[in-house]
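From just these sequences and the hints, can you work out the full model?
Residue 1 is where the sequence shown starts when you use the working numbering, and the numbers rise one by one after that.
Please note: incorrect hints may appear among the correct ones.
Straight-line C-alpha distance at most 20 angstroms; calculated DMTMM-like pairs for lysine to aspartate or glutamate [unchecked claim]:
1) K113 x E264
2) K2 x D79
3) K113 x E262
4) K2 x E97
5) K36 x D46
6) K2 x E56
7) K2 x D46
8) K2 x E43
9) K2 x D66
10) K113 x E248
11) K113 x E283
12) K2 x D260
13) K113 x E85
14) K113 x E259
15) K2 x D191
16) K113 x E97
17) K2 x E96
18) K36 x D51
19) K113 x D79
20) K113 x D260
Hints listed in this document are in silico derivations from the structure and should not be mistaken for laboratory results.
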Amino acid sequence: MKIVVTTPTGNVGSRVTRLLLQAGVRPTLLLRDPTKLDAQTLELSDFVQGDQFDPEVVLRSTEGADAMYWVNPPVFGEDPVAAWERAGSYAARAVEEHGIARTVFQSSVGAEKRHGAGEIDGLARTEQLLDATAASVLHLRCGMFFTNLSTDPGALEEGVLRVTWPVDAAMPWVDPRDVGDVAAARLLATDWSGRQVQAVHGPQDLSYAQVASIVSSATGRQLRAEQIPDDQMRGALRAAGLGDVQVEAILGMSTGLREDFEPEDPRTVLTTTPTTLASWAREHLA
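Structure, rendered in structure tokens:
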């Protein structure tokens with residue numbers, strides 16, 4: 001069975017790759033820089049070096065594939081919604097031209113809105129492009145990644161987590177490794193078909209106030225959550241060098257989901273994963 005994994009050095013893709021190897025599969029990895037993989041993984045895998053924004057690279061890596069794990073790649077310096085729509089079109093083209101039987105797409109909670117959720121709109125458009133192929137596709141609608149807390153080390157040092165989301169409003173939080181577990185299981189399964197959606201909500205919904213408290217206990221360093229005005233966040237993002245389109249795409253993920261939004265796929269035994277924020281924080285932040 002040929003299974004193609006995109007972004008195999010990422011938080012989720014690396015987990016998917018490891019589990020496929022342990023299941024006896026020799027995955028095909030599409031990545032920009034093979035030197036980021038350890039020697040044993042490279043030895044046990046096939047790989048195609050290139051960029052997911054290059055349609056010929058996508059088509060070459062997926063030729064003969066039975067299944068594919070597609071993650072829209074990171075975007076730098078351009079409109080992420082437009083870029084992810086373009087990347088999604090290449091994934092859909094590969095599915096159609098190669099007849100890929102099963103595709104698992106790493107999407108996000110909020111993609112069900114289709115419009116008005118910032119850069120998540122780019123994931124929504126990718127969902128629609130894959131759906132239009134009429135092939136079997138599973139959209140994993142993931143909650144907020146624990147690892148997002150590591151992208152703002154200044155907040156952890158200062159002890160203030162500044163967000164535009166109401167600090168007492170709960171949302172799903174998940175360990176990316178648990179997303180990888182779900183993805184690998186579905187890639188290895190051959191008995192499903194059609195269009196499916198499966199949320200990955202983590203063990204429980206958490207507010208930013210709860211997140212700050214949990215991280216404080218796990219690290220021994222005080223952290224509090226503070227809601228700031230949208231314009232203050234805009235200013236901070238611009239000061240970090242982001243353009244207006246990128247700023248609005250990032251901010252839109254909060255402004256588009258913070259009021260009267262409920263995930264389409266509710267919390268059930270199928271959407272709840274085990275790793276707690278406390279255990280993750282002790283391992284990665286303490």
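Status of each hint after checking the structure:
A C-alpha spacing of about 9 angstroms is found between K113 and E264, which places the hinted pair at or below 20 angstroms, so the restraint holds. Between K2 and D79, the direct Cα distance comes to roughly 33 angstroms. Violation of the 20 angstroms bound is thereby established for this hinted pair. A hinted pair counts as satisfied when its Cα atoms are at most 20 angstroms apart, and K113 with E262 qualifies at roughly 10 angstroms. Note on K2 and E97: the hinted pairing holds, with a Cα-Cα distance of about 16 angstroms set against a maximum of 20 angstroms.
Distance restraint check for K36 and D46: the Cα-Cα separation of roughly 14 angstroms lies within the 20 angstroms cut-off, and the hinted pair is therefore satisfied. The suggested pairing of K2 with E56 holds, with an alpha-carbon distance near 19 angstroms, which does not exceed 20 angstroms. Under the criterion of a C-alpha separation no larger than 20 angstroms, the hint pairing K2 with D46 is consistent with the structure, at around 10 angstroms. Distance hint between K2 and E43 is fulfilled; the C-alpha atoms sit about 16 angstroms from each other, no more than 20 angstroms.
For the hint linking K2 to D66, the alpha-carbon distance of about 5 angstroms falls within 20 angstroms, and the restraint holds. Between K113 and E248 the CA atoms are separated by roughly 17 angstroms; this keeps the pair inside 20 angstroms, and the hint holds. Proximity of K113 to E283 is assessed by CA-CA distance (about 34 angstroms); at most 20 angstroms being required, the pair is judged violated. A C-alpha spacing of about 42 angstroms is found between K2 and D260, which places the hinted pair above 20 angstroms, so the restraint is violated.
Proposed proximity of K113 and E85 is supported: the alpha carbons are some 16 angstroms apart, at most 20 angstroms. Between the alpha carbons of K113 and E259 the distance comes to roughly 12 angstroms, so the proposed pair stays at or under 20 angstroms and holds. Under the criterion of a C-alpha separation no larger than 20 angstroms, the hint pairing K2 with D191 is consistent with the structure, at around 16 angstroms. Restraint check for K113 and E97: the C-alpha separation of about 29 angstroms exceeds 20 angstroms, so the hint is violated.
With a C-alpha separation of about 16 angstroms, the suggested pairing of K2 with E96 holds against the 20 angstroms cut-off. With a C-alpha separation of about 15 angstroms, the suggested pair K36 and D51 falls inside the 20 angstroms cut-off, and the hint holds. The hinted pair formed by K113 and D79 meets the criterion: a straight-line CA distance of about 19 angstroms does not exceed 20 angstroms. At roughly 12 angstroms between alpha-carbon atoms, K113 and D260 fall within 20 angstroms of each other, so this suggested pair holds.
In the structure shown, a violation is registered for the earlier hints numbered 2, 11, 12 and 16, in ascending order.
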